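Q: In case you want the letters, here they are:
Protein chains: 4
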Amino acid sequence: MFVYKHKVQFYETDMMKIVHHANYLRFCEEARVAWALHKGLIDYQKPDSAAHFAVVETQVRHLKPLAFGDNIEIEIQGRLQGVRVVFEYKLFERTRYGQDPACVARTVHVALGADLKLQRPSMEMKKVLEKEQWIETWLLNL
Amino acid sequence: MFVYKHKVQFYETDMMKIVHHANYLRFCEEARVAWALHKGLIDYQKPDSAAHFAVVETQVRHLKPLAFGDNIEIEIQGRLQGVRVVFEYKLFERTRYGQDPACVARTVHVALGADLKLQRPSMEMKKVLEKEQWIETWLLNL
Amino acid sequence: MFVYKHKVQFYETDMMKIVHHANYLRFCEEARVAWALHKGLIDYQKPDSAAHFAVVETQVRHLKPLAFGDNIEIEIQGRLQGVRVVFEYKLFERTRYGQDPACVARTVHVALGADLKLQRPSMEMKKVLEKEQWIETWLLNL
Amino acid sequence: MFVYKHKVQFYETDMMKIVHHANYLRFCEEARVAWALHKGLIDYQKPDSAAHFAVVETQVRHLKPLAFGDNIEIEIQGRLQGVRVVFEYKLFERTRYGQDPACVARTVHVALGADLKLQRPSMEMKKVLEKEQWIETWLLNL
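Protein chains in written order, with the numbering used here: chain S, 1 to 142; chain F, 1 to 142; chain U, 1 to 142; chain Y, 1 to 142.
Next comes chain S alone, as it looks inside the complex:
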């Protein structure tokens, strides 16, 4: 399973002294982009390719707070669902919480053309996603 690492920055905290909840969607995006890069799905020479993959739905469940300096590990799985691409995420902070995720999330995406109209996911993405393992029960707590 693909794992992405992120160290919590000072500017990601709020006056509760924990990570502000909106930043978790940014962490998921970082993991998703790194996953796509790892799979050969992002071409930085054509940055607009990444721009044409839109977010249509997000869902986040916060189980434990995260703090400045925390070393987060994000596990991610993805699959096709018709014209949609679904990603699921588990965020861990191993030092304090061990095997318990601090956060679980799901995001749903569609491909758009240059005209911002709905398209089918590219053949490359289809091929990659069909080879991915998907565990239906992976996010029991979302």
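No lab work stands behind these hints: they were computed from the structure. All values derive from a computational prediction rather than experimental measurement. Heads up, some of the hints might be wrong.
Copies of the same chain are indistinguishable here, so a pair counts whether it falls within one copy or spans any two.
DSS-like cross-link-like pairs, simulated, lysine-lysine; straight-line CA separation at most 25 Å [said to hold, decoys possible]: (1) Lys17 x Lys46; (2) Lys17 x Lys131; (3) Lys126 x Lys39; (4) Lys17 x Lys117; (5) Lys64 x Lys5; (6) Lys46 x Lys127; (7) Lys64 x Lys131; (8) Lys5 x Lys117; (9) Lys5 x Lys39; (10) Lys17 x Lys7; (11) Lys64 x Lys127; (12) Lys46 x Lys64; (13) Lys64 x Lys39; (14) Lys131 x Lys7; (15) Lys127 x Lys17; (16) Lys64 x Lys117; (17) Lys7 x Lys46; (18) Lys17 x Lys64; (19) Lys17 x Lys39; (20) Lys46 x Lys117.
With chain S's structure known, arrange chains F, U and Y on it following the hints.
A: Same frame as chain S, now just chains F, U and Y:
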């Protein structure tokens, strides 16, 4: 119904030339805080009171894109659910989309003590929420 | 003098329980865009016009901290300097600090064509800026 | 010289399709925190220690634009100046710009006590900074 207004800033866009999806959780927070202020539930002299109201779950569905300069109107409803407080949101951009929401969202919260331990919502919040109208079917598209 | 108002949001704070310093550049941008809109220099039907006005330099001096819920007033002045446009800002929080600015700032900009190459500022902008009052000694403390 | 690396994220871009200027102060903060951690000056068990180091001034000059996916390298130097600590930064994107920095910056800081009153920098920080090399002419273009 309480309505909050937000004008989309340049820094809230991304290279897709639309509002980055993580910012919608910030718009919901703005609306929620303005609602709580309007209801007399925030005391800026004791800023920690606001800090002790944690986000445990968020869900956002994006129906239409938002762009730089858009004048957003956010409608919000809230209710108690055991120790939890649930808010629902509709974001409108009337000029382009009329009565169709551009986005709908739900956030779930709990009160925490100074020790970050779970508490019951305050009596003031209970009283305010019990008087609020809650329409069960308000967010059919979430 | 043009004055822009901004209420400090929860998500703009950090674990010091004050506004994170990077957000001041966002407040300046909000004030600058509102000023340009007020002067008829932004056409939201052609959003790319705003996109072709690049930031080349920023300078911020923090004099007093700002906190959640603060009502900021931002005064702004602008002028041409060759191909550059310079803006200066004073941020006030009247309740606690009275006439003393909480922050002063300066930003420098250039116009870019669709090809991202340097251009002269538009005739409209020149006309507006030549009519503006500019007080050389306005930011003695920057 | 200490070098910090940051990969530009999608959410750090704006509708100009380049990194939004306010994010450069976040990159500088990341580099500064990583430097302080490397020098043994941050104790994540006492997160408030980092919180008591305030930003009083920032200055940024943008020389070249940065884009989604860029691999930034940030060089940093720091020194004491009375009760102040000054850091200077060069941001490089080697692939496109080679030895030319894309951005140079300077930030000035003071130590604060738990009461937010001005303090002298800690003995540990003094010791570290006195051993650092400082090149006066390092940022000729700021």
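Q: State for each hint whether it applies.
A: Tested hints:
Taking the shortest Cα distances, Lys17 and Lys46 sit within 25 Å of each other only across copies (12 Å), while inside one copy they are farther apart (39 Å). Proximity of Lys17 and Lys131 under a CA criterion of 25 Å is satisfied in neither setting, with 41 Å inside one chain copy and 32 Å between copies. In this assembly of identical chains, the alpha carbons of Lys126 and Lys39 lie at most 25 Å apart only when taken from the same copy (12 Å versus 47 Å across copies). With identical chains, the CA atoms of Lys17 and Lys117 are at most 25 Å apart between copies only, with a shortest distance of 14 Å across copies and 41 Å within one.
Taking identical chains as interchangeable, the C-alpha atoms of Lys64 and Lys5 lie at most 25 Å apart only when both belong to the same chain, with a minimum of 17 Å there against 28 Å between chains. Taking CA atoms no more than 25 Å apart as the test, Lys46 paired with Lys127 passes inside one copy only; the shortest distance there is 20 Å, against 39 Å between copies. Neither within a single protomer nor between protomers do Lys64 and Lys131 lie at most 25 Å apart by alpha-carbon distance, with minima of 32 Å and 32 Å respectively. Proximity of Lys5 and Lys117 under a CA criterion of 25 Å is satisfied in neither setting, with 33 Å inside one chain copy and 28 Å between copies.
In this homomeric assembly, Lys5 and Lys39 come within 25 Å of each other (Cα to Cα) both inside a single copy, at 17 Å, and across copies, at 22 Å. Taking the closest pair of Cα atoms, Lys17 and Lys7 come within 25 Å of each other both inside a single copy (15 Å) and across two copies (21 Å). Taking the shortest alpha-carbon separations for Lys64 and Lys127, neither the intra-copy value of 35 Å nor the inter-copy value of 29 Å comes in at or below 25 Å. Taking the shortest Cα distances, Lys46 and Lys64 sit within 25 Å of each other only across copies (19 Å), while inside one copy they are farther apart (38 Å).
When the C-alpha separation of Lys64 and Lys39 is checked against a cutoff of 25 Å, the pair qualifies neither within a copy, at 30 Å, nor between copies, at 29 Å. Taking the closest pair of Cα atoms, Lys131 and Lys7 never come within 25 Å of each other, the shortest separation being 30 Å inside a single copy and 27 Å across copies. In this assembly of identical chains, Lys127 and Lys17 lie within 25 Å of each other by CA distance neither inside one copy nor across copies; the values are 43 Å within and 29 Å between. Taking identical chains as interchangeable, the C-alpha atoms of Lys64 and Lys117 lie at most 25 Å apart only when they sit on different chains, with a minimum of 12 Å there against 38 Å within one chain.
Taking the closest pair of Cα atoms, Lys7 and Lys46 come within 25 Å of each other only across two copies (17 Å); inside a single copy the shortest separation is 28 Å, beyond that limit. In this homomeric assembly, Lys17 and Lys64 come within 25 Å of each other (Cα to Cα) both inside a single copy, at 13 Å, and across copies, at 21 Å. In this homomeric assembly, Lys17 and Lys39 come within 25 Å of each other (Cα to Cα) only across copies, at 24 Å, whereas the closest approach inside a single copy is 36 Å. In this assembly of identical chains, the alpha carbons of Lys46 and Lys117 lie at most 25 Å apart whether taken from the same copy (19 Å) or from different copies (20 Å).
When the structure is compared with the earlier hints, violations turn up for hints 2, 7, 8, 11, 13, 14, 15 and for no others.
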